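Engineer: Work the whole structure out from these sequences, hints included.
Spelled out from the first residue to the last, the chains are:
Number of protein chains: 2
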Amino acid sequence: MNDIEKIVRDQAQAAKEASRRLAVTSSAVKDAALRAMADALEKNAGAILAANGEDMKAAEAKGTPRAMLDRLMLDEKRIRGMADGLRQTAMLPDPIGEGEMETIRPNGLEIRRVKVPIGVIGIIYEARPNVTADAAALCLKSGNAVILRGGSEALKSNRAVSGILAEAAEKEGVPKGAIQFIDSPSRDAVGVMMNLTGLLDVIIPRGGAGLIRRVVMESAVPVIETGAGICHTYVDAGADLGMALRIALNAKTSRPAVCNAMETLLVHEGVAKEFLPKMAKAMREKSVELRGDAAARAVVTDMAEASEEDWATEYDDLILSVKVVKNIGEAISHINRYNTGHSETIVTNDLNHAHRFQREVDAAAVYVNASTRFTDGFEFGFGAEIGISTQKLHARGPMGLNELTSTKYLIFGEGQIRE
Amino acid sequence: MNDIEKIVRDQAQAAKEASRRLAVTSSAVKDAALRAMADALEKNAGAILAANGEDMKAAEAKGTPRAMLDRLMLDEKRIRGMADGLRQTAMLPDPIGEGEMETIRPNGLEIRRVKVPIGVIGIIYEARPNVTADAAALCLKSGNAVILRGGSEALKSNRAVSGILAEAAEKEGVPKGAIQFIDSPSRDAVGVMMNLTGLLDVIIPRGGAGLIRRVVMESAVPVIETGAGICHTYVDAGADLGMALRIALNAKTSRPAVCNAMETLLVHEGVAKEFLPKMAKAMREKSVELRGDAAARAVVTDMAEASEEDWATEYDDLILSVKVVKNIGEAISHINRYNTGHSETIVTNDLNHAHRFQREVDAAAVYVNASTRFTDGFEFGFGAEIGISTQKLHARGPMGLNELTSTKYLIFGEGQIRE
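Sequence order for the protein chains is X and D.
Under my numbering, the first sequence has 315 at position 315, and the numbering climbs by one with no breaks.
Under my numbering, the second sequence has 83 at position 83, and the numbering climbs by one with no breaks.
These aren't lab readings, by the way, just hints derived from the structure by calculation.
Keep in mind that this is a model prediction, so the values were computed, not measured.
A few of these clues could be false.
In silico DSSO-like cross-links for lysine-lysine, where the CA-CA straight-line distance does not exceed 30 Å [unchecked claim]:
(1) X:176 to X:6
(2) X:115 to D:115
(3) D:326 to D:273
(4) D:176 to X:326
(5) D:6 to D:278
(6) D:326 to X:176
(7) D:156 to D:115
(8) X:6 to X:156
(9) X:273 to X:326
Have a look at the derived ranges for each label pair, beta carbon to beta carbon [stated by the list, open to error]:
(10) D:218 to X:304: 41 to 47 Å
(11) X:76 to D:213: 47 to 53 Å
(12) X:103 to D:67: 32 to 38 Å
(13) X:5 to D:67: 36 to 42 Å
(14) X:98 to D:6: 45 to 51 Å
For glycine and all other residues, C-beta sits at the position ideal for the given N, C-alpha and C.
Structural biologist: Right under this line is the structure:
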């Protein structure tokens, strides 16, 4: 066992022990801790900004792209944002102990199923240091110990933030070890985490496709896959084309780099001639590059050609692929072939088409007449989210506090034995 | 890509396509298919018995142990049992489409979460051919396509059963390809299945610890871990010792080879002198071998010595390890250290101890004053089970039809876009 393996394993062991006590820690203690953690972040903003300044300087010296520098950067406002997030989490209802079912069996056994914490959650994330606070808050509130493994470029920022959070939490009675930060830039730490079966109950990777793929393929610890989003908007025949244009523009341009943004626009052939020119003009005014299939290019002749690869690409950028389809069946087939199971929408006035689209499209969130951009824990009313699951096990779609719980059967008897 | 990889991948592709249609197949069709499958098994009992006879002959020639031969063996009664299981599954409520939540957001978006099938489920199992029918029935009823991979020793039996089931299902309108059987004894097939991300949604291994460990460690497809059961019975001070003895005997001896059987008995030191001699006598009458710690052996002097390894062993046999503890805290610590998260019970008259035991013990099912043997889909009222999950993600405890579902958010709007 090398050094990093021993360090991470010891941290996981400590987290597991803490998780046992945290599972039976009251909401009052957890909420007081969350508020104290928020106060501590604001009080120690100077130290956090100093650490972040060092990370920023090193990243700039390495020639890190501007977009990534912006994600790494902290300022007073962002620290206040982290603190506000902690306080909001304190105000959410505590899911732990909530009853899910209760039954009395013919033999008199009383069986209840209640929500319990999962145990120890590993979060592997990239540039943004605010994930440190968000993830710690959601895990703490749901009674889970957390092992945070941030990106190496944010090491000093994350060290400062996690240290302040852990100290403040402990002072309020949260078991020591419940918030763990892996204080090493070594990539081996991720490999160690992925093999901590029996200590870690789940790993949630948050970051680029490469990171997520690696964890899904290699982890022996169960994984919740998040984030990949090839989302479609389908404009049906007879749709309100004004509404369709507003929804398409919003889905593509309001925040192109996020996972619920549209990547491909599908248009029924019956409305292509009317809709596509207006769409192309409006998208181009927002600097969107268009790539179409032959039928789309027959209408908007100066559109670039979409390749097979385009249909399978999450641009995360101001690029949109456009395809004309013969009918709703072709739209659904295209979506089910190329989507990542995230969010899909149909713009239609046809009740049967709306119903069919929602039944047959295989995705976490299937919309009728609304932008896919709403797939988000806050927008769904969950208060916060740890990520958006694109897999079908355990949780699908935005993951809030409820999705960070497991269950336990509690059975009361009076001496029953089984025949 | 070698032959077995191509075959299995093609089957998974066919299963995935079938799963899309099966997801929107009505309960009426699914239930008619289940009844037709039951009839077909009974009608073709002769062919099944002939195939099973060949498997049995080959297994006997290889010197297969008697216990395994018994699990492999089919007769008229067992075939009728399979058919009855199919008919019972037809009578269970269909979980698909059931609403889990519904909310209207401030912006007017209507958000519903409904149960949907998982998609394609891989079942990897060992000797018993009846798993073929049970798993096919539960997956079909819950709208999932299934890929069945049975043990090589039951290849001919499983081929016969799965072929009859698939044919009968298809005749009733179940999409072709929804019930797939991997007709190869090659161990490579398991390796291929574990890498079918994007085609298989989950793998459920059912069998020995070696199989389950391999799948958990190596699979890129999400896994639901089942079956390991180091279950404890704790006899508290002040317990009704008559009840404690009945529960302990039932938990150990009613069916020692199953996962919800007791492996370790913990006894409070205050009742050890009175309880242990009676317990030892009764267990020995049932041919149970006892292995105790020093304190237990001070009371029952002819008990063998338990080693550290005993506490961590699932005997699945008529062996019981026995430990005397100072108090309930030591009992809970011992359980949380050595258990597999399956089923645990306390025999007590103390309300606070009952409450504390249920809160602090980390397991799928935590009992007060009842035998751990009740952890079972039928006993819990789920009608049938595909296995007992000992992990915390997705499902914990007996997995019935509900646990074979995922969810989907259905959102209705009137043109909403996100700011």
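Engineer: None of the hints should be skipped; say for each whether it holds.
Structural biologist: Each hint tested on the structure:
| no. | hint | in the structure |
| --- | --- | --- |
| 1 | X:176 to X:6 | holds (19 Å) |
| 2 | X:115 to D:115 | holds (19 Å) |
| 3 | D:326 to D:273 | holds (13 Å) |
| 4 | D:176 to X:326 | holds (26 Å) |
| 5 | D:6 to D:278 | violated (61 Å) |
| 6 | D:326 to X:176 | holds (26 Å) |
| 7 | D:156 to D:115 | violated (36 Å) |
| 8 | X:6 to X:156 | holds (22 Å) |
| 9 | X:273 to X:326 | holds (13 Å) |
| 10 | D:218 to X:304: 41 to 47 Å | holds (43 Å) |
| 11 | X:76 to D:213: 47 to 53 Å | holds (51 Å) |
| 12 | X:103 to D:67: 32 to 38 Å | holds (35 Å) |
| 13 | X:5 to D:67: 36 to 42 Å | holds (40 Å) |
| 14 | X:98 to D:6: 45 to 51 Å | holds (48 Å) |
Of the numbered hints listed earlier, those contradicted by the structure are 5, 7.
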